[in-house]
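J.: Protein sequences appear in the order of chains A and B.
Quick note: the first sequence uses our numbering, first residue 142, plus one each step.
Quick note: the second sequence uses our numbering, first residue 1200, plus one each step.
Possibly wrong hints are sitting among the right ones.
[Claimed, not checked] Straight-line C-alpha distance at most 27 angstroms; calculated BS3-like pairs for lysine-lysine:
hint, chain 1, residue 1, chain 2, residue 2
1, B, K1261, B, K1250
2, A, K252, B, K1226
3, B, K1261, A, K177
4, B, K1243, A, K192
5, A, K211, B, K1243
6, A, K252, A, K177
7, A, K211, A, K192
8, B, K1261, B, K1243
9, A, K197, A, K211
[Unchecked claim] Ranges of calculated distance between the beta carbons of each label pair, as one might list FRET restraints:
hint, chain 1, residue 1, chain 2, residue 2, range
10, A, Q155, B, P1238, 23 to 29 angstroms
11, B, R1213, A, V191, 45 to 51 angstroms
12, B, E1271, A, T222, 42 to 48 angstroms
13, B, S1265, A, Q150, 31 to 37 angstroms
14, B, V1211, A, Q155, 48 to 54 angstroms
15, B, E1262, A, S171, 27 to 33 angstroms
16, A, A219, B, R1283, 39 to 45 angstroms
17, A, P253, B, G1202, 27 to 33 angstroms
18, A, Q143, B, G1202, 27 to 33 angstroms
19, B, V1211, A, T203, 16 to 22 angstroms
20, B, I1253, A, E156, 33 to 39 angstroms
21, B, I1253, A, I188, 28 to 34 angstroms
22, A, I148, B, E1271, 43 to 49 angstroms
23, B, S1286, A, P149, 25 to 31 angstroms
Quick caveat, the hints were computed from the structure, so don't treat them as lab data.
Fair warning: this is a prediction, and the values are worked out from it, not measured in the lab.
No residue lacks a Cβ here, since even glycine has one placed at the ideal position from N, Cα and C.
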Amino acid sequence: GQQVMQIPQYQHVQEGEDFTTYCNSSTTLSNIQWYKQRPGGHPVFLIQLVKSGEVKKQKRLTFQFGEAKKNSSLHITATQTTDVGTYFCAGSGSGNTGKLIFGQGTTLQVKP
Amino acid sequence: NAGVMQNPRHLVRRRGQEARLRCSPMKGHSHVYWYRQLPEEGLKFMVYLQKENIIDESGMPKERFSAEFPKEGPSILRIQQVVRGDSAAYFCASSPPSGLGEQFFGPGTRLTVL
Chain A
142 GQQVMQIPQY
152 QHVQEGEDFT
162 TYCNSSTTLS
172 NIQWYKQRPG
182 GHPVFLIQLV
192 KSGEVKKQKR
202 LTFQFGEAKK
212 NSSLHITATQ
222 TTDVGTYFCA
232 GSGSGNTGKL
242 IFGQGTTLQV
252 KP
Chain B
1200 NAGVMQNPRH
1210 LVRRRGQEAR
1220 LRCSPMKGHS
1230 HVYWYRQLPE
1240 EGLKFMVYLQ
1250 KENIIDESGM
1260 PKERFSAEFP
1270 KEGPSILRIQ
1280 QVVRGDSAAY
1290 FCASSPPSGL
1300 GEQFFGPGTR
1310 LTVL
């Protein structure tokens, strides 16, 4: 079945450093979404990418969707302590049924 | 405008008992999804429902688990004869009638099986 892999599993950075998490799917995706989950909390939607090669920015966050629509990345510039949490990518397959397959997540720790 | 509501937030059951988890989607949302999350793992899709219909249950274990979304009332995820391995956080999400795009997650139900 469809699988979505995400690396790294954990990342510790000093406040002000950059951070990137990568997501790869075993199959072509119709779209990819990114969510953030704070410790003890629930996933909160960040963004959705639909088009091949799409790049979207939200302040210090940059999201990319690969040309083949099988990989994606999230880059955070100049991390802050408020960025702490687990970042998940979630892919929707070609059937586009609304079902999401989540990656394992990357947990970001930021040292002040 | 209330978000997705789930109750109970915490549920403790002994092995062999039944667990019922409830989810009320956001107002105007007709699509409900259930996910399970084990500690320090990602979310695993379980089931996708619309009112009175199961659209995709490919992630549901074949036995002991069932889900419904009746015409009136919340969606229910039911786990019969719980075992320790069922201990997890169960999240419900909802989305607008298109069924595409952003999913809005509830706060989750943390199930502990003793």
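J.: Would you mind marking each hint as holding or not holding in the structure?
T.: Now for the hints, and whether the structure bears them out:
no. : hint                                    : verdict
1   : B:K1261 with B:K1250                    : holds, 22 angstroms
2   : A:K252 with B:K1226                     : violated, 39 angstroms
3   : B:K1261 with A:K177                     : violated, 30 angstroms
4   : B:K1243 with A:K192                     : holds, 25 angstroms
5   : A:K211 with B:K1243                     : holds, 19 angstroms
6   : A:K252 with A:K177                      : holds, 18 angstroms
7   : A:K211 with A:K192                      : holds, 11 angstroms
8   : B:K1261 with B:K1243                    : holds, 15 angstroms
9   : A:K197 with A:K211                      : holds, 17 angstroms
10  : A:Q155 with B:P1238: 23 to 29 angstroms : holds, 27 angstroms
11  : B:R1213 with A:V191: 45 to 51 angstroms : holds, 46 angstroms
12  : B:E1271 with A:T222: 42 to 48 angstroms : holds, 45 angstroms
13  : B:S1265 with A:Q150: 31 to 37 angstroms : holds, 33 angstroms
14  : B:V1211 with A:Q155: 48 to 54 angstroms : violated, 40 angstroms
15  : B:E1262 with A:S171: 27 to 33 angstroms : holds, 32 angstroms
16  : A:A219 with B:R1283: 39 to 45 angstroms : holds, 44 angstroms
17  : A:P253 with B:G1202: 27 to 33 angstroms : holds, 31 angstroms
18  : A:Q143 with B:G1202: 27 to 33 angstroms : holds, 28 angstroms
19  : B:V1211 with A:T203: 16 to 22 angstroms : violated, 43 angstroms
20  : B:I1253 with A:E156: 33 to 39 angstroms : violated, 46 angstroms
21  : B:I1253 with A:I188: 28 to 34 angstroms : holds, 29 angstroms
22  : A:I148 with B:E1271: 43 to 49 angstroms : holds, 45 angstroms
23  : B:S1286 with A:P149: 25 to 31 angstroms : holds, 27 angstroms
In the structure shown, a violation is registered for the earlier hints numbered 2, 3, 14, 19, 20, in ascending order.
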